[in-house]
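J.: Quick mapping for you: the protein sequence lines, in order, are chains Y and F.
Quick note on my numbering: the first sequence kicks off at 1 and runs consecutively.
Quick note on my numbering: the second sequence kicks off at 1 and runs consecutively.
Hints listed in this document are in silico derivations from the structure and should not be mistaken for laboratory results.
All of these numbers come straight from a predicted model, not from anything done at the bench.
Be aware that a few hints might be false.
The calculated DSS-like cross-link candidates involving lysine-lysine, where the alpha carbons are at most 30 Å apart (straight line), are [as the list claims (entries may be wrong)]: (1) Y/LYS56 - F/LYS72; (2) Y/LYS56 - Y/LYS72; (3) F/LYS56 - Y/LYS72; (4) F/LYS56 - Y/LYS56; (5) F/LYS72 - F/LYS56.
Derived Cβ-Cβ restraints for the label pairs, each shown as a range [claimed, not checked]: (6) F/PRO13 - Y/GLY68: 34 to 44 Å; (7) F/SER135 - Y/THR11: 57 to 67 Å; (8) F/ALA28 - Y/ASP15: 38 to 48 Å; (9) F/ALA143 - Y/ASP15: 15 to 25 Å; (10) Y/THR129 - F/GLN132: 13 to 23 Å.
Note that CB positions come from ideal geometry on N, CA and C, so glycine has one too.
Protein chains: 2
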Amino acid sequence: MGHACDHDHDTAPPDAASVQQRIAVADARCQADGERLTAPRRRVLELLVESGEPMKAYDLIARFREDGQAAKPPTVYRALEFLERRGLAHRIASISAYVACAEPEADGDPVHAAAFLICDCCGATQEVTGEQAVSLNRAAAAAGYVIDHTTIEAHGRCPACRA
Amino acid sequence: MGHACDHDHDTAPPDAASVQQRIAVADARCQADGERLTAPRRRVLELLVESGEPMKAYDLIARFREDGQAAKPPTVYRALEFLERRGLAHRIASISAYVACAEPEADGDPVHAAAFLICDCCGATQEVTGEQAVSLNRAAAAAGYVIDHTTIEAHGRCPACRA
DNA sequence: TGCCAAAGTGTTATGAGATAACATCACATA
DNA sequence: TATGTGATGTTATCTCATAACACTTTGGCA
Ligand SMILES: [Zn+2]
Ligand SMILES: [Zn+2]
Ligand SMILES: [Zn+2]
Ligand SMILES: [Zn+2]
C-alpha cells in the first residue's frame, strides 16, 4: 500500500519462485482439505503474496484488469473470503485491507488469531502470531515499532447466544 | 445494534439521570483539558451512552433527524473522531461501529488500548480494559463468551518511520 | 456415459461507510 | 471591536462491500 512519507522503504518483495512455492503449498493444503484453489482465488493469493504488504480490495481488482483478466468486486471479495476462511489471508479491518498470512503452515486450527503491527506513516505491516500476539507490546518493541494505538476485537458468542 | 437471533436479550439501557451524569463528567474533563464538548459532540456522546451498545454512524445521523436537529455525515464523523481522540468513545473497525467508552475515567493516557468482546449473533458487546485486555481469553471466559475469532491491530510507527 | 446437485463464477445494480473541499459561524484573546 | 483559530454546515463524491440472479464447472452416482 501507499507511502505517506518520503524516507527510504527498501522492502524487497519475494522473488517469483518463492511466490509460486507458497502458492503450491496453499494449493496442496486446499486439496488435502477437499477445497479448490480456483483461478480467481489463486490469482488473488498470488497478488497478495507478491505484494508482501496489505492490499485494498479495489487495488486487487485493478490488477486483474491490468492482467487482461478483468474481475468485478464480487469475484475478488469472494476470493478474499475464501482465503480468509482457509487461513491463507487476513482482513485488517482498521485499514480496510487484506494481506497474505505470514504463517499459513501453523498447525492446529488454520484460522489463527492474528495480530498486526501497522505503521501509520508508511503502511509497513508485520504479522505477529502465537505467543507473541498475546504479549503484543513486547513483540512491537522487538520489531522496533512504537505503538500508538491498538485495536483488539474478539468475536464470538455471548452467554445468551451460546446455546 | 440489531439482533440477528430470536432469544432473549434483556439489556437495560442506562437511565436518563446516569446518562446526564456521564455527559457532565465528560464535559468537565474536556474543559479541564481546554477542549469543548460542543452541541454535536455532546449529542453523539449522549446517543452512544443511551444506547449502551455499538452504533453505526448512519444510525446516529438518523437519530439526529428524528430529533429535528438534522446532521449530515461529516458532522457526525467529526464528532466521533473527537470523542475517540478524547478517549470518550471507541471505533470498532471490524463491525464499522462506534461505542461509548466503558471506562473513560481510567487515569493516565485517556486514549487507552481497548478490547471488545463482540457477539456475532446478537451484537452484544462488552469492553474489557487494562490487564484484562492482555489476557483476553481469560476475560472472555469470565464473561461467558466463547471466542471464534480475534482481531488485534496495533498501530504505530515502524523503525524506518520512527524518526 | 449421462444426469444431477452443489459449489463456484460472471454481471448488474445498489447499498453502506467515509471524506474532500469550501463557505460560514462561534469564540477566545488582544 | 478586530482578528485568528477552531468548529460547523453543505455539497458532492469517493471508497468499500454485498444482494440478486443467471450461468458454468465439478464430481458423485445411476
Ligand atoms: Zn496469519
Ligand atoms: Zn513506517
Ligand atoms: Zn474504553
Ligand atoms: Zn449474543
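J.: Evaluate the given range 38 to 48 Å for the C-beta pair formed by F/ALA28 and Y/ASP15.
T.: With a Cβ separation near 59 Å, F/ALA28 and Y/ASP15 fall outside 38 to 48 Å, so the hint is violated.
J.: Would the pair F/LYS56 and Y/LYS56 pass a check requiring their Cα atoms to be no farther apart than 30 Å?
T.: holds, 22 Å
J.: With 15 to 25 Å as the target window, see if F/ALA143 and Y/ASP15 comply at their CB atoms.
T.: This hint is violated: roughly 47 Å between Cβ atoms.
J.: Hinted pair, alpha-carbon criterion (30 Å max): Y/LYS56, F/LYS72. Please report holds or violated.
T.: holds, 27 Å
J.: Within 34 to 44 Å or not, the Cβ separation of F/PRO13 and Y/GLY68?
T.: violated, 55 Å
J.: Checking one constraint from the list: CA of Y/LYS56 to CA of Y/LYS72, max 30 Å. Satisfied?
T.: holds, 14 Å
J.: Take the C-alpha atoms of F/LYS72 and F/LYS56, compute the straight-line distance between them, and say whether it is at most 30 Å.
T.: It holds: about 14 Å lies between the C-alpha atoms, which stays within 30 Å.
J.: If you draw a straight line from the CA of F/LYS56 to the CA of Y/LYS72, is it 30 Å or shorter?
T.: holds, 27 Å
J.: Could you check the hint for me, namely that Y/THR129 and F/GLN132 are 13 to 23 Å apart, CB to CB?
T.: holds, 21 Å
J.: Cβ-Cβ distance between F/SER135 and Y/THR11: within 57 to 67 Å?
T.: violated, 33 Å
Hint violations for this structure: numbers 6, 7, 8, 9, all remaining hints satisfied.
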